[in-house]
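**Q** So the chains spell out like this:
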Amino acid sequence: MNGSFRSAGAAALAAALCFFAGQAVLAADPQLCAVCHGPEGNSIIPANPSLAAQPEQSISIQLFQFREGNRKDVQMTSMAANLSNKEMNELAAYFSKQKAAAPSHKTSSENAAAGAKLAQQFNCVQCHGPALRGQQHIPRLAGQQYEYLLTQLRKFKAQKRADLDGNMTSAAQPLTDKDIEILVDYAAGLSPQ
Amino acid sequence: MSSAPFRQFVPLVSLVVGALAAASAQAQAPAAPAAPPSWQQGRSAEQGNSTLHPFAPHMTGRASKDLPVDKLKVPAGFKVEVWADGIPEARSLALGDKGTVFVSNRLAKNVYAVVDKGGTREVKTILKGLNAPNGIVFSKGTLYVAERDRITRYDGIENSLDNPPAGKVVIDGLDPQNQPGHFWKYLALGPDGKLYYNVGAPGNIVMPGYFQASISRVDPKSGIVETYVQGVRNSVGFDWHPQTKQLWFTNHGRDWVSDDMPNDTLHRVSHKGMNFGYPFCHQGDTLDPEFGKGRSCKEFDPPALKLGAHVAPLGIRFYSGKMFPAEYRNSMIIARHGSWNRTTKQGYDLVRVTVDANGKATMQPFLTGFLQDEKADPPMWGRPVDVLQMKDGSLLFSDDYNGILYRISYAKK
Chain Y
1 MNGSFRSAGA AALAAALCFF AGQAVLAADP QLCAVCHGPE GNSIIPANPS
51 LAAQPEQSIS IQLFQFREGN RKDVQMTSMA ANLSNKEMNE LAAYFSKQKA
101 AAPSHKTSSE NAAAGAKLAQ QFNCVQCHGP ALRGQQHIPR LAGQQYEYLL
151 TQLRKFKAQK RADLDGNMTS AAQPLTDKDI EILVDYAAGL SPQ
Chain P
1 MSSAPFRQFV PLVSLVVGAL AAASAQAQAP AAPAAPPSWQ QGRSAEQGNS
51 TLHPFAPHMT GRASKDLPVD KLKVPAGFKV EVWADGIPEA RSLALGDKGT
101 VFVSNRLAKN VYAVVDKGGT REVKTILKGL NAPNGIVFSK GTLYVAERDR
151 ITRYDGIENS LDNPPAGKVV IDGLDPQNQP GHFWKYLALG PDGKLYYNVG
201 APGNIVMPGY FQASISRVDP KSGIVETYVQ GVRNSVGFDW HPQTKQLWFT
251 NHGRDWVSDD MPNDTLHRVS HKGMNFGYPF CHQGDTLDPE FGKGRSCKEF
301 DPPALKLGAH VAPLGIRFYS GKMFPAEYRN SMIIARHGSW NRTTKQGYDL
351 VRVTVDANGK ATMQPFLTGF LQDEKADPPM WGRPVDVLQM KDGSLLFSDD
401 YNGILYRISY AKK
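Chains as they are written, first to last, in my numbering: chain Y, 1 to 193; chain P, 1 to 413.
Pulled out of the complex, with its shape left as it was, chain Y reads as follows:
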């Protein structure tokens, strides 16, 4: 049995649990979030983002966006629907203080340098920081789930991702499909802290 097979099995099991957890709407309990976002918010489901060590404000703003219907997701829309501002702030504070796990993704050797160059060229580092670890309302990309990043960046490019101030939609417009793949391969493999 190799490691990747075991982790794929664990991810499938987690995804199944996550699906059923999403059917319930419960009070603000970080353990409930962890069903889908992983232990202490370190996701093991490729489509779901890690919350651990994300900037506090970046988490609370996304919860707000889900609750207000600005950002939509089959599960998150219902999970956030009944959260108060206070509960959102508490969840954001909790997950921002968790330690991020080492990334599951390994950047390909050719994209390590190319990704760093594109991150400069397309202004990613301006807001997400030189190591893409995020700040204030800007999320950490370093070590984030590859599949999640790919989906989100493609949505920004397609102008279909909720965007508080329009900056990310605007920043994504000049990216080619290939740029997106390189940037995501690069960011997902960076050390989260």
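Because the hints were derived from the structure by calculation, they are not lab data. Mixed in with the good hints, there may be bad ones.
[To be verified] Listed next, the in silico EDC-like pairs over lysine to aspartate or glutamate satisfying Cα-Cα at most 16 Å (straight line):
1) P/K109 - Y/D163
2) P/K98 - P/D70
3) P/K109 - Y/D165
Take the given structure of chain Y and dock chain P to it, following the hints.
**A** Only chain P this time, still in chain Y's reference frame:
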């Protein structure tokens, strides 16, 4: 995208032509990025690695008990206290006839009402699903709301806060180009009964289109629109002098020139048709490095006062109450939201501006304490937006960073 037709093209042509096309496609891909975010527009190549960036509010708000509210300072005899919190991104303020405080926002889609119930205040969401409803004004039972692309009216809303009436459109089509920047609008009702609103410049420093970079007015009865003044990059606050009935407004100067240039400005309008210079001339005396070529600042109307570079002046109110000392009457309280496009931050305060008999305006601090560390990121713990005079003569002001309203009162000693 530019490579797709190229791939079909290759087999049909010689290697030489193919190589040329490849070179051209490669040169185009990185060299032709789409428009940068509007706040980056106009940045020079040397500023490309600048880490300066706008700040976003805490959309879920922050509880006042967790904030250093005791750091806020006002002049002797005045008192500042938290009046209400839990109002997402609290921006513009309007006062209903029955004492309801209406609160707008720019990035959310709701309008809130704060109802004072004998010292405890209830925050109600009264309007939902609006498009950047930054501008609000209340008059004779009607709440007017300026969204990104239209102004609507809600008649009798204060009688039915729990079941608000449907909005009726006063005017729409205000954002035909879906402009990327400065699309939020301020709204105020003039002494002439007309609604005044800004349409900002679509970017930091660009040639504005028809009716952009202006303050316009619309008669809510007839729907007739007039451009009132032009050359205004973006105003997010105006009020009328209680005696002269002249319009005064704050204006944001362009970014990415330098830490100290140009100033944001305060303007007095003596007649319709004035032009305050954007994009050609800034702060009344400085030509734009690009658009100023071949122009003169003498072509334009100068500001009444320079308010500081990048301080982002927003709400402005003439004080007409009786609670504050007599010298405050007819002076202006202006909220400075605070700078982002400056390495050493400034603003994040309320200032008082007085005008002497010769028309000379001077500025002095009124409320400070939000700025914690002018070199930090973020440098502040709160950001003032709009100022509202209450019936008892006290002032409320909003803080969009935390979603809080504060009250400033005065007690004779």
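**Q** Checked against the structure, which of the hints given earlier come out wrong?
**A** 2
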